[in-house]
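With chain L fixed as given, assemble chain E onto it according to the hints.
2 protein chains.
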Amino acid sequence: MVYYILVPIGVGLLAVLFAAFLINDVLRRDTGTPSMQKIANAIFSGATAFLNRQYRTIALLAVGAAVLVAAALALLGQGTLAARFNLAWHTALAFLVGALCSGISGYTGMYVAVKSNSRTASAARRSLGEALVVALRGGAVSGFLVVALSILGVSLLFTIFGGLSSPATTPSLIVGFGFGASFVALFAQLGGGIYTKAADMGADLVGKVEANIPEDDPRNPAVVADLVGDNVGDCAGRGADLFESTAAENIGTMILGATLYQATGNIGWMLFPLVLGAFGLIASAIGVLSVRASAVIEPEKAAGRDPGQIAMQRLNIGYYITCALSLIGMFLGCYLLLGQSSVSANYGLPAWLWFALAGTVGIALSIAFVFITQYYTSGTWRPVREIAAATLTGPATTIISGITVGFECIVAPVLAISAALGLAYFFGSQVHIPLASLGSINVSGIFGTAVATVGMLMSCAYILTMDTFGPITDNAGGISEMSGQAESVRAITDALDSVGNTTKALTKGYGLGSAALAAFLLFSAYLDVLYSFRHDPAVYRVDLANLSTFIAGLLGLALIFFFSSLAIRAVGKAAGRMIEEVRRQFRENPRIMAENPDERVDPDYARCVDISTSGALRAMVLPGTVAVLTPIAVGVILGPQAAAGLLMVATMGGIVVALFLNNGGGAWDNAKKYIEAGYLRVNVKGEIVPPDDPEGIVLGKKSEPHKASVIGDTVGDPFKDTAGPSLHVLIKLLSTITLVLAPLFYFLHV
Amino acid sequence: MVYYILVPIGVGLLAVLFAAFLINDVLRRDTGTPSMQKIANAIFSGATAFLNRQYRTIALLAVGAAVLVAAALALLGQGTLAARFNLAWHTALAFLVGALCSGISGYTGMYVAVKSNSRTASAARRSLGEALVVALRGGAVSGFLVVALSILGVSLLFTIFGGLSSPATTPSLIVGFGFGASFVALFAQLGGGIYTKAADMGADLVGKVEANIPEDDPRNPAVVADLVGDNVGDCAGRGADLFESTAAENIGTMILGATLYQATGNIGWMLFPLVLGAFGLIASAIGVLSVRASAVIEPEKAAGRDPGQIAMQRLNIGYYITCALSLIGMFLGCYLLLGQSSVSANYGLPAWLWFALAGTVGIALSIAFVFITQYYTSGTWRPVREIAAATLTGPATTIISGITVGFECIVAPVLAISAALGLAYFFGSQVHIPLASLGSINVSGIFGTAVATVGMLMSCAYILTMDTFGPITDNAGGISEMSGQAESVRAITDALDSVGNTTKALTKGYGLGSAALAAFLLFSAYLDVLYSFRHDPAVYRVDLANLSTFIAGLLGLALIFFFSSLAIRAVGKAAGRMIEEVRRQFRENPRIMAENPDERVDPDYARCVDISTSGALRAMVLPGTVAVLTPIAVGVILGPQAAAGLLMVATMGGIVVALFLNNGGGAWDNAKKYIEAGYLRVNVKGEIVPPDDPEGIVLGKKSEPHKASVIGDTVGDPFKDTAGPSLHVLIKLLSTITLVLAPLFYFLHV
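Chains L and E are the protein sequences, given in the same order.
Going by my numbering, the first residue of the first sequence is number 1, and it counts up by one from there.
Going by my numbering, the first residue of the second sequence is number 1, and it counts up by one from there.
You may find that some hints are simply not true.
Because identical chains share one entry, a pair is satisfied inside a single copy or across any pair of copies.
Said to hold, decoys possible - Subject to a maximum C-alpha distance of 30 angstroms in a straight line, what follows is the list of computed DSS-like cross-link-like pairs (lysine-lysine):
1. Lys573 x Lys301
2. Lys685 x Lys573
3. Lys707 x Lys573
4. Lys673 x Lys685
The hints are simulated quantities; they were obtained by calculation from the structure and are not laboratory data.
With the rest of the complex left out, here is chain L (with noise of 0.2 angstroms):
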């Protein structure tokens, strides 16, 4: 069984060498025309001065937070001089390691982004088939290595700290790697979520409201930021994030799968979440590759159908795929690694069996996120529609509209994720071990869920490739805009480029459903963590009637919000900056605007490009520096149990915060798009009309509902784009200090 530890490290070497020959496929291609290289250069220096900056500050950050938590381990903790030191170099030693994977995969991925984005504007002027490849391998250059250094990262630290001799204590010395993750994460998706936000309101406000200029303009002194920031945002961020979410789980089920390992004697419970990973990136990579651009039908053959709509079904076809060969390797691995156990179930059926339930409703609730996350941002549905509708009213009916539909689409989600999570955990606790009474937590039950969560992050490879295909075809279309290419062209990547705001949203959702899903596992192994030190099961109790807990849950959902005030308030001042650099140069260079062509001169986009730069470097110190200091005040000040209160509440919290925020950004930004698109119709008594209506009055771009509908969008970007993902990470991060330092709480609370 233990030689299973050989599939994750090879299928992650293999999904490496996969990542290299997809570079390689992205960068033989051309580049496109002199114009179109001339401006990809402008975002690609652009991105990469952003990154070296960025990195070296978190670089830092992290070498410094990595000698306080040794020195802290060593110095605070308890048992011998020798444990505490073992303890502590192991902890500092995977912290460094996991945040130099995240980092590699972060970097490389981005690299390969701005990379693509000519190379898909020019595959566009060929057919729409090529561009779609382009873009999407483009993309999968981040997805895989983001996955596969990931579970490298986690197969390797286990195997060489001793993991295959001692498996049980083994676990506890690399959660190092996950916090890593986790504190690279979110200084990552701040900066860059800060970063492009700041440069996408100046752009848009100024651009696009004051001067009156279309979007992607080559006249804005910020588009060439815009387009920097959309990959060192939604690239990069969300890379690292996800990056996290596998390393956190999987470190989370092998806590699990330790307890099970310790009562069951199979190693298969540990090596679990890493086998899976790799059957995932196998499913992933024969997704991916099943979008060829031959398959693809060419608009000009469509009969008619959207380019866009053919783009997304090939998606959705490669996604379907992925999925249902992650369903049979669940089953598969379910049966390879929890079949030998000697463990009975109900109803006579095998152990392996009910787990494999278990995962499969993880795989079907991602599949139920990307419905319900499209429900709420697409504009064929009602939400969108309202908020459309509010726009006739002017800018405040809009935002109310908008946040009444934040509000609501926390609903769903959470009844989705409650049913997974109850059903997943009832699935599990089908199965019996003999295990000692932990309290009110039944541990196969538990394992259910992380099996739930194995199985929804199966698909991560997959789904990350889509998201970096967004921002790819993001610049492609800014690309072929700003190098003024023909229509048919533009047709192409601007119908990639609406595919691509789906696709980040879908990734979005996921990314919050696979944390929410974790979480519960996450809170166990802090539990299980504790439980190592002291055998009591009151361990395991998390008392919201204690009222330290119940206090540190306060402060736990306080600190969600406080820390979206930061992330988005950051923004609004890096915005502001942006906003008076944008007016200053249309005030003193009047010919950037000239009527005539060949009069006019460059606008200075360098000078946007440094204000977003320093002004993200600057703001993502203070939100970060807030996020990792709360839990770790609490769990001194207040004890281990009470920062398992703050853990799980403010959990909860993040949860419902960030679909709030990315939900509502998202719904704003398609009623902008709705409107934009000609839907919005009335009659001449200005009743509103079906969206197809021909006798409808068109109330489209220029009008006034469409400005209110701009100002609506702007007060989402930050909400979409900096504090809802950033969001996303705080929970891990959360789960991930707690658990590292749950040593240093329990023993100044014993």
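For chain E alone, kept in the frame of chain L given last:
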């Protein structure tokens, strides 16, 4: 000791007489000029028409709810048929009495308030002092009736239901009183809140923004509806809210006191909240009477001081008198009622002194909330100025900045509540009461938090007086504006109006703070009830590590957002109809806006009043029903511990979301006022300069920043006056509903 019950009954009856004296004092004053009377009559008939229809609807819902609750307890509870029937009819009767008392106090208070407005306007023609006194005494009718009827209701029901002979079992028979009060409060606050903001938004968005006429201009068709709304929303709604606070807190303390009574044989523990409430009424009456017309320095003698400052100072002195007397009452009450217990305490101090210290914490918290609320919602400090600065870059940044402030302002109150809870619990737990171990709960510690809540609520009548002062002065301002009074009169009513805005904001903070402080007590009351069914300390555990409790908590959090969404949406819809109506009137009847005042005709005020009325009544039912049914569904399906999880997490969520909505909305409102007052100034480069810089260019009314600030204010309206205050009520409703239905939840899951 048992005769102390005569204190709340006697003082309660005296307070009702005091209210009658105030009614007489206000009504005998002159009602102003004929034009004032005409407007006041329009407001009066609109307000009573709405309240009549609203209370008819609520009465139907309440009778239905009483029947259903009684049936559920009689059919599905446990014990003999006689025992079940006994509980059922007591609960239903108490429910109806609670609902009736809440209705009477709300209705009468509002009746006097709408009779006080023209009298205040008329008094303003004579002096600031007289206008202040009239408005304050008009408001005091509401304040004293609410608190007196709440205390009287609980005291009399307790006595009649046999509390003096069998104290231990009686509190569980009167929990229905709290539920009835919450039930009415929920619908009163929702209906009133929707009414007022639909009218306000309609009046502002069309009148001020589109037609460019000032606030309260008689040409605005929605102006009367707006003035009516101030009464039915702020006055009737908040009255019901604090009626419920007092009732729930008294009953919760008595349930807890019953446990202590059984341990010590001293009924003082149970009578404590009622007697202290009576002391608070006396303190508040002295506070109100201390504000005398002769003590007010008139503006012309005030050496340039703002009349608003003078008035606010008088109100503050009255409040400090109330607090000081409450403090004396607290020490006296603890000594008399808790001093004779033969219980020991730490550090050689008598037990009663520890509790008096806990009560002091509550009084201190009420003062702390006053300052925190002012910091976040007053133009003197950073948050409001930050929003005002953001208006320079348009509505989008105004909204973003307001949401940032709203998210941020959660932190300080949460820290204050946490500290107060922790301190009060600590003081209480210094007292040793011999009891069986009740899980992790220290009963005397919880009683400490109960005493703190009692302390905080002692000034309730004074605070409510200041609150109702708000709509009276708001109306008085509208009446003097519409009846065209001299500048000097309007200066006085405007100043009082702005004082009223401050006092309204303070009351919201106070209401929320007391709800938060009481929450822990109400949780433990619920757990006490469960313990009375099964004497097992395990019922005192609300363990988030238990999956169903966790899921219930997550659902509770989702409920908070969903309920807020429904409440805000209801306003949006009703406001949309109002906007259309106002636009229609301007369009179809141009003589409303005729240049020459002699040619003008009055708009159709009544139609706007009708639209608000029907919109509010229709819209209040759905959110109210969701709020009532969700905890019942969770308790029935997932069991009593899960219901406790929902209760606790939803309470935390309700506290933070209400803080966000109240303070965010208030900050937007005051950012607008800040700009209107001419404090937003820039230099020639467009950079902000200090508000008193004489060289600064004032960006005041009708500037672009002002328009942005009006949009922010409009967005904040349904936040701060509909959803936020309704959440206060919701969290107490959750407590009372779970208390009442605890037998059901328990016996369905035995």
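Task: Alpha-carbon proximity between Lys673 and Lys685, which holds within one copy, between copies, both or neither at 30 angstroms - done: within (24 angstroms within a copy, 35 angstroms between copies)
Task: Lys707 and Lys573: within-copy, between-copy, both or neither at 30 angstroms Cα - done: both (22 angstroms within a copy, 21 angstroms between copies)
Open item on the list: Treating 30 angstroms as the Cα threshold, decide for Lys685 and Lys573: within, between, both or neither.
Closed with: between (42 angstroms within a copy, 18 angstroms between copies)
- [ ] Up to 30 angstroms between alpha-carbons, please classify Lys573 paired with Lys301: within, between, both or neither.
- [x] neither (49 angstroms within a copy, 45 angstroms between copies)
Hint check: a violation occurs at hint 1 only; the rest are consistent with the structure.
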